[in-house]
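As they're listed, the protein sequences go chains H and U. With our numbering applied, the first sequence covers 1 to 247. With our numbering applied, the second sequence covers 1001 to 1197.
Since the hints were made in silico from the structure, they are not lab data. It cannot be assumed that every hint is accurate.
[To be verified] Taking lysine-lysine and the DSSO-like style, the derived pairs with C-alpha atoms no more than 30 angstroms apart in a straight line are:
#	chain 1	residue 1	chain 2	residue 2
1	H	LYS199	H	LYS39
2	U	LYS1170	H	LYS39
3	U	LYS1147	U	LYS1177
4	U	LYS1143	H	LYS39
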Amino acid sequence: MNASGDHNDLYELYVLGLLEEPERSRIEDDLRRNDPAAKARLRRALDTNAILGTLAPDVAPSKQLRRRVVSIAEPQQSRLPWNLAWIGLSACLVAGLVYTGIQRQGLQGELEGAQRALDQTRATLEIREATLEFLRRPETRLLKAGTAEERKPVAKVFVNRTQGVLLVAANLAALPAGRTYEMWVVPKVGGPRPAGLFKPLADGSAIHLQTGALSLDDAAAIALSVEPEGGSSAPTTTPFLITPVAE
Amino acid sequence: MIAFFPLVFAALDAEGDRDLALRLQRRDSQALAELYDKYGRIAYSLIVRIVRDQGIAEDLTQETFLRVWNRMAGFDAQKGALGAWVLTVARNRAIDYLRSVDGRTRQNAIELTATETPAVFVDLEANLMNSDRARQLKGAFEKLNEKQRMVIELAYFEGLSQTEMADRLKQPLGTVKTWVRTALQILRSELEQAVPV
């Protein structure tokens, strides 16, 4: 088999990000030349790899995961002070509804509604617990503490190679309707990567945790920008509170 | 040993995915729920298979859908293959996690994020996960011998390069390359038989 044939057989590994030199460069050369055969091989490899993904044994996710995913489309807001009150209130509501539900069948729908509220509260509490757990981990590093100069936005950014980024901000400007803050991980090469949406409390403070592995070798800075509701795939306003990531 | 994922995509159709993609691009939150209902379980199962921890898998599944949601603007709703893209993002999140935990070097591998650019997922078979090709490929996977199947699993589910596989299996690199190449050729030939071009 010749050298050309060698790399043409390995597009699946290339698409998986696993192909080593010199085959990788050969494939990239073919793709840069817009070689139709190379593009066809690339599509075929993407097909094959997608189908390989369906070979994994079936595992049912928790119902809570669906709620977590759906919440992505909703702006995140910090509601820490309300957690305990909500839990207490929801628990009382559920208990009361359990009692009266025995008496009146018509309350069943309300009971289910209260249960959903309790589930939502639990999900919120989980996020807060995750935040505390993130801070407790010894490998979590504080990148920068802003000065407490009055009314200027300040932020503390904690990074953890395996857990993600935690932003604790204050003095953030109130947002006009239809706008949200978006956090960005700015790589050393390439455009900023979205790292979640959030809105500050009325006092301008906000806590935002973006979970997931963070490649510190690749990240140059963490930044914020104001974006349309629902977020953007790239900043549409000038990023601010740019916090360098340095080892 | 990999068990086949039961095909739960009976309702999959290209038209439905196109509509879903357009609604996601309009930031329709209900569309995100529908996307999860359609691909969430298979993405989660894939991630569990890779990271072998259901708690971490839930975090990575959420991250997968966050990434898809944030990058919908770059997706071609008319020609794109939504399912293939979601699964690629899911697999990459899981492999990224494994690499970060292992501290595995990436100097010899391309960045995974480059392999999941939404614009790349065009002109694929939109219904591929429920197609003849999928069934053929799954049948072909069962036909691979133990070594061929192992190297495909190491590549796909553990993110190992051929050099890393050779180290792991304590086999010469040339031997591993032969197993990989043969396995891919068998899988590919089954796909080509399923849909003659």
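Here is how each hint holds up against the structure:
1. Taking the CA atoms of LYS199 of chain H and LYS39 of chain H, the gap is near 43 angstroms; set against the 30 angstroms cutoff, the hint is violated.
2. Restraint check for LYS1170 of chain U and LYS39 of chain H: not satisfied, since their Cα atoms lie roughly 34 angstroms apart, outside the 30 angstroms limit.
3. Pair hint LYS1147 of chain U plus LYS1177 of chain U holds up; C-alpha atoms about 11 angstroms apart against a cutoff of 30 angstroms.
4. For the suggested pair LYS1143 of chain U and LYS39 of chain H, the alpha carbons sit about 28 angstroms apart, so the restraint of at most 30 angstroms is met.
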